[in-house]
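One line per chain: the protein sequences are A and B, in this order. For the first sequence, the positions run 1 to 702 when our numbering is used. For the second sequence, the positions run 1 to 249 when our numbering is used.
Everything labelled a hint here was simulated from the structure, so no lab data went into it. Fair warning: there could be bad hints in the mix.
Said to hold, decoys possible - Listed below are several chain A residues computed to face chain B (Cβ distance under 10 Å; list not exhaustive): (1) G595; (2) A664; (3) S693; (4) M698.
What the hints assert, rightly or not - Which chain A residues stay away from chain B? Per the calculated CB distances, all over 12 Å, these: (5) E529; (6) E593; (7) A602; (8) R604.
Where is the CB? At the ideal position from N, CA and C, for every residue including glycine.
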Amino acid sequence: MGQLRLLMQVAFRNLFTSKINILIGGIIFFGTLLVVVGGALLDSMDSAMSRSIIGSVAGHLQVYSDDSKEELSLYGGMGGEPDLAVLDDFSRIKPFLEKHPNVKTVVPMGTSGALISSGNTVDLTLARLRDLYKKRAEEGESPALRANIDSVKSHVRQMVSLMEEQRNKSRELLSSAAVDPQEAEALARARTDAFWDTFENDPFAALEFLENRIAPQLPDGDLLDMRYVGTDLDSFQRTFDRMEIVDGQPVPQGKRGMLLSKFYYENFLKLKTALRLDNIKQEKDLNQKRIDADPQLQRWVKENQTQTREILFQLDPIKTRQAVERLQKVLGNQEPSLEKLLSEFLTTTDDNFDTRYQQFYAELAPLLDLYRMRMGDNLTITAFTRTGYVQSVNVKIYGTYQFKGLEKSAMAGVINLMDLMSFRELYGYLSPDRKAEIAELQKNSGLKAVDRANAEDALFGEESGNSLVAEATPGLIEDAKAFEGALGALRRDDLAARVYSQQEIEQGVALSAAIILKDPEQLQQTMEELKQSATAAGLKLRVVSWQQAAGLIGQFVLMAKLVLYFAVFIIFIVALVIINNAMMMATLQRVREVGTMRAIGAQRSFILSMVLVETVLLGFVFGAGGALLGSGIMSALGSAGIPAGNEALYFFFSGPRLYPSLSAGNLIAAFVIVLLVSAISTLYPAFLATRVSPLQAMQTDE
Amino acid sequence: MNAAVAQSPIVSITNVTKDYTLGKVVVPALRGVDLQVHPGEFISIAGPSGSGKTTLLNLIGCVDTATSGVVSVAGQDTKQLTERQLTHLRLHTIGFIFQSFNLVSVLSVFQNVEFPLLLQRKLDKNQRKERVNQLLEQVGLADHAKHRPNELSGGQRQRVAVARALVTRPQLVLADEPTANLDSVTGQNIIDLMKELNQKEGTTFIFSTHDAKVMSHANAVVRLADGKFLDRLTPSEAKRAMAAGAEGH
Ligand SMILES: Nc1ncnc2c1ncn2[C@@H]1O[C@H](COP(=O)(O)OP(=O)(O)OP(=O)(O)O)[C@@H](O)[C@H]1O
Ligand SMILES: [Mg+2]
Chain A
1 MGQLRLLMQV AFRNLFTSKI NILIGGIIFF GTLLVVVGGA LLDSMDSAMS
51 RSIIGSVAGH LQVYSDDSKE ELSLYGGMGG EPDLAVLDDF SRIKPFLEKH
101 PNVKTVVPMG TSGALISSGN TVDLTLARLR DLYKKRAEEG ESPALRANID
151 SVKSHVRQMV SLMEEQRNKS RELLSSAAVD PQEAEALARA RTDAFWDTFE
201 NDPFAALEFL ENRIAPQLPD GDLLDMRYVG TDLDSFQRTF DRMEIVDGQP
251 VPQGKRGMLL SKFYYENFLK LKTALRLDNI KQEKDLNQKR IDADPQLQRW
301 VKENQTQTRE ILFQLDPIKT RQAVERLQKV LGNQEPSLEK LLSEFLTTTD
351 DNFDTRYQQF YAELAPLLDL YRMRMGDNLT ITAFTRTGYV QSVNVKIYGT
401 YQFKGLEKSA MAGVINLMDL MSFRELYGYL SPDRKAEIAE LQKNSGLKAV
451 DRANAEDALF GEESGNSLVA EATPGLIEDA KAFEGALGAL RRDDLAARVY
501 SQQEIEQGVA LSAAIILKDP EQLQQTMEEL KQSATAAGLK LRVVSWQQAA
551 GLIGQFVLMA KLVLYFAVFI IFIVALVIIN NAMMMATLQR VREVGTMRAI
601 GAQRSFILSM VLVETVLLGF VFGAGGALLG SGIMSALGSA GIPAGNEALY
651 FFFSGPRLYP SLSAGNLIAA FVIVLLVSAI STLYPAFLAT RVSPLQAMQT
701 DE
Chain B
1 MNAAVAQSPI VSITNVTKDY TLGKVVVPAL RGVDLQVHPG EFISIAGPSG
51 SGKTTLLNLI GCVDTATSGV VSVAGQDTKQ LTERQLTHLR LHTIGFIFQS
101 FNLVSVLSVF QNVEFPLLLQ RKLDKNQRKE RVNQLLEQVG LADHAKHRPN
151 ELSGGQRQRV AVARALVTRP QLVLADEPTA NLDSVTGQNI IDLMKELNQK
201 EGTTFIFSTH DAKVMSHANA VVRLADGKFL DRLTPSEAKR AMAAGAEGH
């Protein structure tokens, strides 16, 4: 008792008198700080991310077939979609899962992806013109139709002249050898008045010429990767209550249809010029960036100046004239070329950006289609089924949605939602009944079958691997007839109107099912119990946590933790070596004192405890200091929040800011680590101290 | 004095040698020394530098072991004892006074004196307090109990060391040149203090010194030369012998 107090006193006084101890203390202080702050941040990020993952698509648990060749990865894996076996009949699995007392809801799902191509503008406009001529052939010419034809025709003519202009421009850059003379010849012919004067004589021949010789000269439209989750949309929306509709409306209950992610819609389907303006505005407003200082903003401005083609091609002659007039007024000059006007208008600086941004949306936007797809449009997705043949499905876009707090997250934003029926059809897993029904509906609507050759060309030309390809027919919803011509897509109005019962939706294939638990705390236990009862019931099911289901993303924080712990490990190894050396020096400095104690009658064990008590106290005092400062920092961060500067972080922060919190576990872990490290690093010096001979008390220090 | 001689000796040294090996060279520090010290004696060990005084005191103090011969302290042959037992013997039987005081710098005067009592674990807190204060009173440092060693003069520090050596009431106190780091007046005071305690408590003292004045307080001066026992004289004889030795040079 008295001895211990003495040891504590010796240790405590040595603590602040020895410089070496201050050094060791400093290391321990920062080590603890790092463990506390780093650990708490990662834990908070982990739970924020878990909220993101659980609250978007994963739910707490995911169930999928045990026959799957690969593991479920909801956000996609390294090599595209994982190879999963299907759950044959969701309606059999659902009641089984719902029997467990901790299961709240079960939502069927399937994740897949396709490449969608927007087609090129000339192609699409020509298709529209062909449809109009076809209509005229069937129904005869009315004044309205004539006006419509003339308008589209002049739009095409304008496109041809734009193409020639661009061709002349690029000729200045390329050597003449690179220019295909046949292309030039075709373009020259399409530019002649003679061609357009005789157009009406045989419009279909003229169209064919344009389709075959002119349209291919324009580079293709973008190919976009599109991921979709097929699900029971109604149940999905009820279960994942962070989901909210932004544009349009929810898919009516039981109907086929899609909800695009707002993020996807904005970032991939919006007119590029407008998107870049939005991005610049956001960087300026939110992140206080300046065009004159930031290379990224400068690049966007440059791209807006030079890449005006998308706008130029979109405007027909009437709208072109309107745009020219408006821009002349805004810019206060008489420049007749729209391209030059646009380029000048989009030359934005820090001074004029806000006005130009506002003018763009007020003056130009009404003339333009800002998005390549609109609410109510039909999207034709052509894809390989599981058995390898091409399947093409038309899905109506009802609206866009987002997850609250994850609006800006690219990760959550790549998921577009689709009804389960369309998903099954695309995946090639419709029941025979359904297939028969669809065949019947198709026959009734009297349409020709899919032009497979055309679709396959697109597929095989692209080398898209395991892939699925889709073709979009943007902006054409108003005149429904237009679909027929457009690359042979199916029109299925009847199918789109069909309302499926809940039973029909549930009876059939799903790839996985999300489970929401009543008590998330019991996740591990419920997972084990579900696994066991599935085995007992002879259902071949794999039950995984949201973390596993999220694939690589789910492992992200785990990996970050490993990195942190590795860093901590390294730091503490270094600390171990430094503390060890420092303690050796301290011991050497105190040889006479230790010798004296030994001479006076202190046993070796006393010396050992003296050194150990000293380090443990050292660890305790400085560790507590570090932990205290760490807690201070965390509580400050906890109330202020850490802004997610980068949009990728939104997902990991589960919103625009992370409000981290410190758990007792973090503190205890930090303390245990620190005390362990300081104790271990003192073992050898302490041992050395016990070997000091009492004779060394007699040495006079020189 | 003569009564003390009648008792069994507290230190008995028989034909003791001590060799130090420096690499391949063997340095004989003691070459067959015999010495008997009886309880209550106040003995000074004298001899020229290198004659083996420190070596002899280390053997008696059980901090070193003899190469041959028997060293027995308080009736125990130190060769037969383990490290732990030797430490135990030092704690309970022997007190040390060092040439350079050797106080624990981070502890107060009181705590330094209390230190051996804490190691002994024999007395409770109040008893310890009483004993320490009594000793501090005796060495005249009662007012300095709360001071740190670096706040004291050399003489005061050595008094603390004396108090620390005596606080456990050891049978034997060893002091290797206790006055060497002090001026002669202060040194004199320390010897007076030791002598006083020797007479009051009956504690046996063995100390080494080069100082003839210091020697004069002893009841016997044991002279060493070249690692050998030379003679055992009274202080006055020793004074004369040393004066003669000095003349001889
Ligand atoms: N640790 C040691 N290693 C080797 N030789 C030693 C050691 N200690 C003492 N010696 C040698 O032993 C002999 C006796 O030394 P010791 O220290 O006992 O003499 P001393 O009488 O105390 O001398 P001084 O009056 O100078 O203190 C000397 O020759 C010395 O060199
Ligand atoms: Mg000596």
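Each hint tested on the structure:
1. G595: With a minimum Cβ separation of about 8 Å from chain B (threshold 10 Å), the hint on A:G595 holds.
2. A664: Violated, because the Cβ-Cβ distance from A:A664 to chain B comes to roughly 35 Å (cut-off 10 Å).
3. S693: 7 Å, holds
4. M698: 7 Å, holds
5. E529: 58 Å, holds
6. E593: Answer for A:E593: violated, closest chain B Cβ roughly 6 Å.
7. A602: 5 Å, violated
8. R604: Nearest chain B Cβ is 8 Å from A:R604, so the label is violated.
Violated hints, listed in ascending order, are 2, 6, 7, 8; each of the other numbered hints is respected by the structure.
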